[in-house]
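Chemist: What follows is each chain in one-letter form.
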Amino acid sequence: MNYLDISIIIIYLTFILGIGIYTRNFVNDFTGFMVAGRNVGLSLSVITMLGTELGLITIMYNAQTGVIGLFSSFHIGLAALLVTLCIGLSGFVIVKLRELKVKSIPEYYNVRFGNKTRILGATLLSIGGILNMGLFLKIGAIFIQNIFGFNSDETILIVIMALLLLLVLIYTMLGGMISVIITDYIQYIILSIGFLLSIYYSIKTIGWSNIFMSLENIKSYEEIYNPVKNMGPSYISWQVVLGFVSAVIWPTAITRALSIKDVSMVKKQYIWSSFSFLIRFILPCFLGICAFVYFDGGNNVSTLSLMPKYLSLILPSGILGLVVAGMLAAFMSTHDSYLLCWSTIITNDIIEPLSNKKLSSDKKITISRIIIIILGIYIFYWGMYYKGSDAIWDYLGITGAIYFTGAISVIIFGLYWEKASSTGAIMALLGGLTSLVGLEPVRLFIGIKIDNPALIGLLALACSTILMICGSLFFPDNNKVRI
Amino acid sequence: MDWKLLWQLLLIFTFIMFIVMFIKFTYSGYKDIKNMLDK
Numbered sequence: 001m002n003y004l005d006i007s008i009i010i011i012y013l014t015f016i017l018g019i020g021i022y023t024r025n026f027v028n029d030f031t032g033f034m035v036a037g038r039n040v041g042l043s044l045s046v047i048t049m050l051g052t053e054l055g056l057i058t059i060m061y062n063a064q065t066g067v068i069g070l071f072s073s074f075h076i077g078l079a080a081l082l083v084t085l086c087i088g089l090s091g092f093v094i095v096k097l098r099e100l101k102v103k104s105i106p107e108y109y110n111v112r113f114g115n116k117t118r119i120l121g122a123t124l125l126s127i128g129g130i131l132n133m134g135l136f137l138k139i140g141a142i143f144i145q146n147i148f149g150f151n152s153d154e155t156i157l158i159v160i161m162a163l164l165l166l167l168v169l170i171y172t173m174l175g176g177m178i179s180v181i182i183t184d185y186i187q188y189i190i191l192s193i194g195f196l197l198s199i200y201y202s203i204k205t206i207g208w209s210n211i212f213m214s215l216e217n218i219k220s221y222e223e224i225y226n227p228v229k230n231m232g233p234s235y236i237s238w239q240v241v242l243g244f245v246s247a248v249i250w251p252t253a254i255t256r257a258l259s260i261k262d263v264s265m266v267k268k269q270y271i272w273s274s275f276s277f278l279i280r281f282i283l284p285c286f287l288g289i290c291a292f293v294y295f296d297g298g299n300n301v302s303t304l305s306l307m308p309k310y311l312s313l314i315l316p317s318g319i320l321g322l323v324v325a326g327m328l329a330a331f332m333s334t335h336d337s338y339l340l341c342w343s344t345i346i347t348n349d350i351i352e353p354l355s356n357k358k359l360s361s362d363k364k365i366t367i368s369r370i371i372i373i374i375l376g377i378y379i380f381y382w383g384m385y386y387k388g389s390d391a392i393w394d395y396l397g398i399t400g401a402i403y404f405t406g407a408i409s410v411i412i413f414g415l416y417w418e419k420a421s422s423t424g425a426i427m428a429l430l431g432g433l434t435s436l437v438g439l440e441p442v443r444l445f446i447g448i449k450i451d452n453p454a455l456i457g458l459l460a461l462a463c464s465t466i467l468m469i470c471g472s473l474f475f476p477d478n479n480k481v482r483i
Numbered sequence: 001m002d003w004k005l006l007w008q009l010l011l012i013f014t015f016i017m018f019i020v021m022f023i024k025f026t027y028s029g030y031k032d033i034k035n036m037l038d039k
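The listed protein sequences correspond, in order, to chains U and B. Going by the numbering used here, the first sequence opens with residue 1, and the numbers climb by one from there. Going by the numbering used here, the second sequence opens with residue 1, and the numbers climb by one from there.
Calculated directly from the structure, the hints in this document are not laboratory data. All values reported here derive from a predicted model rather than from experimental measurement. All C-beta atoms in this analysis are idealised placements derived from N, C-alpha and C, irrespective of residue type, glycine included. It is possible that some hints are incorrect.
Said to hold, decoys possible - Quick list of the computed label-pair ranges, beta carbon to beta carbon:
hint : chain 1 : residue 1 : chain 2 : residue 2 : range
1    : U       : LYS419    : B       : LYS4      : 27 to 33 Å
2    : U       : LEU17     : B       : TYR27     : 24 to 30 Å
3    : U       : THR205    : B       : LYS4      : 17 to 23 Å
4    : U       : VAL442    : B       : TYR30     : 36 to 42 Å
5    : U       : GLU154    : B       : ASP38     : 31 to 37 Å
6    : U       : ASN151    : B       : ASP38     : 47 to 53 Å
Unchecked claim - Calculated pairs, DSSO-like style, for lysine-lysine (alpha carbon to alpha carbon, straight line, at most 27 Å):
hint : chain 1 : residue 1 : chain 2 : residue 2
7    : U       : LYS267    : B       : LYS34
8    : B       : LYS31     : U       : LYS101
9    : U       : LYS357    : U       : LYS116
10   : U       : LYS229    : B       : LYS31
11   : U       : LYS101    : B       : LYS34
12   : U       : LYS267    : B       : LYS31
13   : U       : LYS267    : B       : LYS24
14   : B       : LYS34     : U       : LYS261
15   : U       : LYS449    : U       : LYS229
Work the whole structure out from these sequences, hints included.
Modeler: Below you can see the structure in the form of structure tokens.
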């Protein structure tokens, strides 16, 4: 990386911070801070969904998935496409949620099941979500460390993490959802150009047919292409669940549906976003596969470092700067969306209901900003101390499962089953906690020897569903809420 | 089922959709931002 690349990165980051300061003037109240005043058009909504979901972290873990599973891991992208497309065509869950005009999933719990479910749901959501983003900073720092060709020293990694954190915190606290949306838009353009160039140079360097031929020289056909034999049916089923969760249950995605201008746009948004979900998986995965081929199977290089090392070698000067600027923008975009999402949920759905009084908009924004700083400190420390060896995608799946295995049944049954009760909802949400067992350090602590954490996630999902049904049948609510 | 062919077709489809979406949404997204900030 030379001076031209570094100049491009510095100019770009300065520009994006300027945008953050400028958009601060457009945040008038908490709704503006949280869901951009519910004033987002279709195109912008699709872009921001892609902008948020196609972050540096996504690119890194999907590239890692490509390195590990090769083309057979493409089934994850296909599952995400089909599931999101079905949701977009049918309007399942999303239309009903948007019609309720709630700002978040816990607010829906409140409307449907009451305050206790809201607070519990928001707490579990925050635990799962915060654990989920715990490794983001470290992954971003690994990318920077490798693409700049820095020494793979732990101290350098920590310094990069601290600098990245500072950048993200300043940006996120300045704006709120409006600046998130504008950064997402700019990031989408820069990252798209960077992506197109990376793919062009990958194919130019390795050669389209050579990618497949080289792989077939290293691994067998089944290992490269067949997901059923390579990963097994339980893993594939888990990916279908994750596809549904990523599109509908995960707060950073559903916030986009709740921010959109009117109900009629929600279905269109999801139809287009189904392609976004495909793109965000397949393209980084492809870059991971190219890196694997380029390094002849990637011996002696960690699966996470392979893709950035590869890009730093194949991209010409200037373009490398543009790609890194795009990736850094993607990093900021994901972080600000996530930090904003969790902090506003903690403020809106835990602190305010527990305080038993209506907090003013200014006070809520201040509390959210304090929480953003606390979360920033947490991801810094978690990144330093967590030593699990699971693939990042599996780590994300299982930490997210703490929240979503319970949330899936609570949301679906709550919307479509009149008999769903608040006791059933609380039992289902608590049932989701069983997925903690899937986390590698917990598995090792308890002594469970299982290679596939997806199986634990599926069992937790089944457990939550049964608890929701039994709890609702045996402990019905006295006052039924119709939605 | 020929898995290799399926993944190759899916990859090419993804490239095409990426370019289509980039062209379509870059322009219309800009108009959305202008409308949102004007309000």
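Chemist: Each hint: holds or not?
Modeler: Results for each hint:
no.: 1; hint: LYS419/U with LYS4/B: 27 to 33 Å; verdict: violated (48 Å)
no.: 2; hint: LEU17/U with TYR27/B: 24 to 30 Å; verdict: holds (25 Å)
no.: 3; hint: THR205/U with LYS4/B: 17 to 23 Å; verdict: holds (21 Å)
no.: 4; hint: VAL442/U with TYR30/B: 36 to 42 Å; verdict: violated (47 Å)
no.: 5; hint: GLU154/U with ASP38/B: 31 to 37 Å; verdict: violated (49 Å)
no.: 6; hint: ASN151/U with ASP38/B: 47 to 53 Å; verdict: holds (49 Å)
no.: 7; hint: LYS267/U with LYS34/B; verdict: holds (23 Å)
no.: 8; hint: LYS31/B with LYS101/U; verdict: holds (25 Å)
no.: 9; hint: LYS357/U with LYS116/U; verdict: holds (15 Å)
no.: 10; hint: LYS229/U with LYS31/B; verdict: violated (47 Å)
no.: 11; hint: LYS101/U with LYS34/B; verdict: holds (24 Å)
no.: 12; hint: LYS267/U with LYS31/B; verdict: holds (21 Å)
no.: 13; hint: LYS267/U with LYS24/B; verdict: holds (18 Å)
no.: 14; hint: LYS34/B with LYS261/U; verdict: holds (15 Å)
no.: 15; hint: LYS449/U with LYS229/U; verdict: holds (21 Å)
Taken one by one, the earlier hints fail for this structure at numbers 1, 4, 5, 10, listed in ascending order.
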